[in-house]
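Please construct the entire structure, taking both the sequences and the accompanying hints into account.
Residue numbers for the sequence shown, in the numbering used here: 537 to 825.
Check the hints yourself; a few may be wrong.
With a straight-line Cα cutoff of 20 Å, these simulated SDA-like cross-link-like pairs (lysine to any residue) come out [as the list claims (entries may be wrong)]:
hint : residue 1 : residue 2
1    : K618      : F582
2    : K785      : F655
3    : K636      : V571
4    : K785      : I589
5    : K710      : N654
Quick list of simulated restraints, FRET-style, between CB atoms [to be verified]:
hint : residue 1 : residue 2 : range
6    : D608      : A796      : 44 to 54 Å
7    : A796      : R702      : 48 to 58 Å
8    : E822      : Y734      : 35 to 45 Å
Hints were generated in silico from the structure; no laboratory data involved. From the three backbone atoms N, C-alpha and C, an ideal C-beta is built for every residue, glycine too.
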Amino acid sequence: MTKKVDKLIENIGQYREQSFRIAPGLRLHSKEEAVAFVNERGFILFHPAKDFIMPSLWTATAGDRPVPNEHDDPGHVSWGWKDALLGKRQCYYGRFLKKKMTFISLDLLPSFYRLSDNFDDYEHDYEVRYSSGSMSYEAKSIYEVLLENGPLHTLELRRRANLWGRESQYRYSKALDFLQTELMIHPVGIAEAGRWNYAFIFDILPHYYSKLIEQAKQITDREAERNILHAYLRSLGAVNFAETVRLLKLQKKRVEKRFAEMAEEGICHPLSESQTGGDYQVILKELLI
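Here you go:
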C-alpha cells in the first residue's frame, strides 16, 4: 500500500480510538456515562464481537482487550451497569445485532423498529407471522404467554410455554433469540431464580415502550435507514458496504443510495478501491486526506 493509503487507514484507526472510547482518558466510569455513550453512538454492543467491528460497552470501560473469564476483573463493572439499567427505560438492551447483546438509544430505537417485520398491532400481528410460516410454534407459544401474563422471568416463561425439560432447551433458546432479534421481546429486569439466582425477566417490546409503534409510524423507511446508517458511520468513521448489509440486514442498493445522499450533503465521501485497498467504500469527510 502507498503512504497515502497507510495514512488514511491510520486516521480511521485513530478516529475509532476516540469514538469507541478506547483511549484511557475517554473510558467510562459509571452507568450514567454508559447511557450517555449509548446515546452518543446510537447503538453499541455489550461485549465486542469477533466477526465484525462495533463499539462496545466492554471496550469503552476496560479498553481494547479480550473479555476475561475471571469474575473479579475490574472491567466487569460494566455487567453491573447493564443489570442496573434494565427496567429503567433509559436505553434498549437485548439480543439483536447478529444475535449479540446490543444497546440501542431510545432516539434510534423507532428507526430499527420501523425497518423490522413488525406491524401496528402487537397483540394480533404475530398470528399473521405464524400463519405465514415465519414464526415457529415455540416462538408463538412464548409470545402468547407474555401477551397473556405480562413480564415473566425465563424459568416461569419456559414452564408456562410448555417448553420445560432438557429436550426443549434448544427449541426454547432458539425461539427466544428469534423473538429478540425481531424486536418483539426484550429483557426488562433480573429475577433471583434458577440455579444461579439470576434470570432475565422478559416483556413484549412495544408493550414495555408503549409509544414505540406510534414513534415508528412517524418516520419513513428512508429516514429510518438514514438515521441508522449515519449513526453507524459516525461510530466507525469509514464503512464497508458488504459488511453494512450483512450486519444491518439492509438492501445493498438502499445502503448505497443513503450514503450517496449523505455524500451530497457533505457528510461523507465515497472511496475508490485504490484509496483503502477496497476495505471501505465511504468515509466521514473530515477523515479524508
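Next item on the list: Against the earlier hints, flag every one the structure doesn't satisfy and list their numbers going up.
Entry: none
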